[in-house]
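Chains B, D, G and F are the protein sequences, given in the same order.
Using my numbering, the letters of the first sequence map in sequence onto residues 1 to 70.
Using my numbering, the letters of the second sequence map in sequence onto residues 1 to 148.
Using my numbering, the letters of the third sequence map in sequence onto residues 1 to 218.
Using my numbering, the letters of the fourth sequence map in sequence onto residues 1 to 282.
Hints listed in this document are in silico derivations from the structure and should not be mistaken for laboratory results.
A portion of the hints provided could be inaccurate.
[What the hints assert, rightly or not] In silico DSBU-like cross-links for lysine-lysine, where the CA-CA straight-line distance does not exceed 35 Å:
(1) D:Lys146 - G:Lys60
(2) F:Lys43 - B:Lys6
(3) F:Lys174 - G:Lys166
(4) F:Lys95 - F:Lys174
Bear in mind that the values here come from a model prediction, so they are computed numbers and not experimental data.
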Amino acid sequence: MTGRIKRVAGRLAACGIVACGAAAALYLYGMLPFWAYAAVTVLGFPAAVVALFLWWMADEGKEDIPFIGY
Amino acid sequence: MIIRRISHYLCRYEHIVPLFAAACAVLFMASVLALPVTYHEDQLYPKAIDRQSPLDPYDRGGPPFTQVSIHAQYPENSPTAGLVTSYLTPFSLFLADTTLHLGTTIVAHPGGIIDEILYNTRGLDTVVETTILLVAFAIASFLYRKVR
Amino acid sequence: MGSLGGIPLYVLEFGDELVYFSPYTITLFLLALTFTLLAIVSRPERQVDVAFGGDAYTTKIISVDEMRFRRFMAIACGLASMGAMVTGDVFNFTLFTAMVGITNVGIVAAVKSPHVQDAAYQYGLVALSATVPLFGAAALYAAATGSLSMIELAKGTLPAVPLVAKALLVIGVVGEGMAPFYAAKAEMFRAPGAPYVIMCSLSSLLIFLRVAEVVMIG
Amino acid sequence: MIAELVLAMLFGLLLLGIHRKVIARIQRRPGPPVWQEILHAAKFSFKTTWVPATASGALFAGIVLVAVGIWTAAFFVMMTGGSLLIIFGIYMLHKIVEHAFGLSSGSPYGKFGGVRSVISAASEIPLFVSVAVIGLFTGSLELTEITAWEAVHGPLFFTAFPAVVAMYLVLLSKMPFGPFSIVESKELVSGYKTEHFGAWRAGLEVCNGLKTTVLLATFLLVFAGQLPVLWMVIGMILLTVSLSFACAVTPMLSPFDSVTIQSLVTALMLVYAGIVFTGVLP
Chain B
1 MTGRIKRVAG RLAACGIVAC GAAAALYLYG MLPFWAYAAV TVLGFPAAVV ALFLWWMADE
61 GKEDIPFIGY
Chain D
1 MIIRRISHYL CRYEHIVPLF AAACAVLFMA SVLALPVTYH EDQLYPKAID RQSPLDPYDR
61 GGPPFTQVSI HAQYPENSPT AGLVTSYLTP FSLFLADTTL HLGTTIVAHP GGIIDEILYN
121 TRGLDTVVET TILLVAFAIA SFLYRKVR
Chain G
1 MGSLGGIPLY VLEFGDELVY FSPYTITLFL LALTFTLLAI VSRPERQVDV AFGGDAYTTK
61 IISVDEMRFR RFMAIACGLA SMGAMVTGDV FNFTLFTAMV GITNVGIVAA VKSPHVQDAA
121 YQYGLVALSA TVPLFGAAAL YAAATGSLSM IELAKGTLPA VPLVAKALLV IGVVGEGMAP
181 FYAAKAEMFR APGAPYVIMC SLSSLLIFLR VAEVVMIG
Chain F
1 MIAELVLAML FGLLLLGIHR KVIARIQRRP GPPVWQEILH AAKFSFKTTW VPATASGALF
61 AGIVLVAVGI WTAAFFVMMT GGSLLIIFGI YMLHKIVEHA FGLSSGSPYG KFGGVRSVIS
121 AASEIPLFVS VAVIGLFTGS LELTEITAWE AVHGPLFFTA FPAVVAMYLV LLSKMPFGPF
181 SIVESKELVS GYKTEHFGAW RAGLEVCNGL KTTVLLATFL LVFAGQLPVL WMVIGMILLT
241 VSLSFACAVT PMLSPFDSVT IQSLVTALML VYAGIVFTGV LP
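In isolation and in its complexed conformation, chain B is listed as follows:
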């Protein structure tokens, strides 16, 4: 179980970072209109950030119930 989520998150983070980077580079060289660049970043940046965090340390605990008091 651990491996799967970590792998998915890793791939997602890599995809997000590559997409953001590629969009920024293409926009810089004028090969991508601004709105497309903004759209890719708005979609890619959160995915990249959260997936990166998950990839660092995901799913090593067991599911638990919420905190219900001290």
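Fit chains D, G and F to the supplied structure of chain B, relying on the hints for placement.
The following block gives chains D, G and F in isolation, referenced to the frame of chain B:
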């Protein structure tokens, strides 16, 4: 403190309806005071009422399924503008041809004209209105079944 | 004050009703779409209640029937708010807003808690009566300017919209969305079933955001 | 723009750290170091993460993405001088984010945080009235056109001072530990954030950083006009410090009182907008 008293009043949901009613009442009074609002003569969808028609007051003129000239906002978008009476189903058409009073029953059966303002040009309105009805019926029927 | 939400990027023609995507409306539209998709894919959470005086806790589980109905209502609500976001026609906007009000009641109508249902009932009364100023405003718009299209109104060639019409429109939306008088809505949000309940608050915020644009044009 | 995005996020977190430090110093506590919030985000990102058993999974995770996404979009709009309406639309939709954060987990604390966040939606209405006032003065709501107007007519700070006050109150209601921050009140544990731990919380911190930068920068852009970057940074720090003073010396209001005060501010702003409407527009 006055703020605390207001918030004590506001925090009960039973007070929402009187509050809203009061707000509406104030606004309606303000709108009465703001009268007269000037009526703009150059209207979209002008009306010509033919009192003799069996479709009165829904008759827009012209035979069913045939185009009449009406004033649309974007005539270029709606080449079939004015096909108003095409809302009549064959049954409604039959009623209109044989009786004089379809205009009074026209909203009451499927295929009748749903609303006066809803021309063919404003098709999306028709869709949304019937969807509102559908949603309301869905809620009512769900609640009915739940109670049973 | 022509293009408040930015220049329309794309105009979709529905006969006399234009649907336009300006940067503002497209942002709101996409958010409504995102949350509708979330409401479709996520399962309702199980709300945890602590039993008083002990360590025990219970979870509320939503039955499949109830979940299906509420999901349907949430999707309808999402569609109505999407429509209200992009429509370029005042009357159409009021219709979508009225639909948002009805679906909001529908989302919590299936909840078993009497407290929530009481609040939903009060809210339903307000939403019902709010349609009067709402459609009255649309009628005033049509009578005073001769047009209902926001694009035409924004051009500034038509006569100005009377302030009363704008005020009526705002109070209608306030009644449908309960924007400042949140007491009843806040009680409704105690209902379990997060993805659906969120559509209530999202839709009312969205129609409020849109009406801010609508009253500033024309 | 990616580099600016990351920098803006880090700077926002730094501002939140400064905020905490200043409050602590006013209250004669040593307080955490100013980079504490950045450390927080980093720390949470290395924590073990899962989804609570009772949570609504897709919403629980998806809302973090939405939170970061909307503020990324707001950052883009601000940087390109887009419409002020979009930025404040996103700002209002942050309510929904809080709401979804709170309700998606099933935790009672989160739920109360979420419900309070919905109650306090009234606090955002002064915002729209002040936006309308700005629109009346400058004739546009595009940030580029507003700054251009200010380059000619002088900053709006003096022209539309009541709008500044209303907007300042709105900023105050979004800062932690302020009189209006009822959603983060301590009797709710962590309010809507209670169940979002680990990577989810780190994502929320990223969102908070971006949000702080975007809001403060927009405030400066709108009311002071286009400044050089250094002055912008100094201005944002000064603004944060002034907000910290306001937060440090005021107690937290009870939820409905906070809503009432903000509604009264709205009413005052409506009166002001009426005066401007009749005065500015013949």
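Right, here's what the structure says about each hint:
1. D:Lys146 - G:Lys60: holds, 18 Å
2. F:Lys43 - B:Lys6: holds, 18 Å
3. F:Lys174 - G:Lys166: Holds - the C-alpha atoms of Lys166 (chain G) and Lys174 (chain F) are around 29 Å apart, at most 35 Å.
4. F:Lys95 - F:Lys174: Judged against 35 Å, a Cα distance of about 10 Å means the pair holds.
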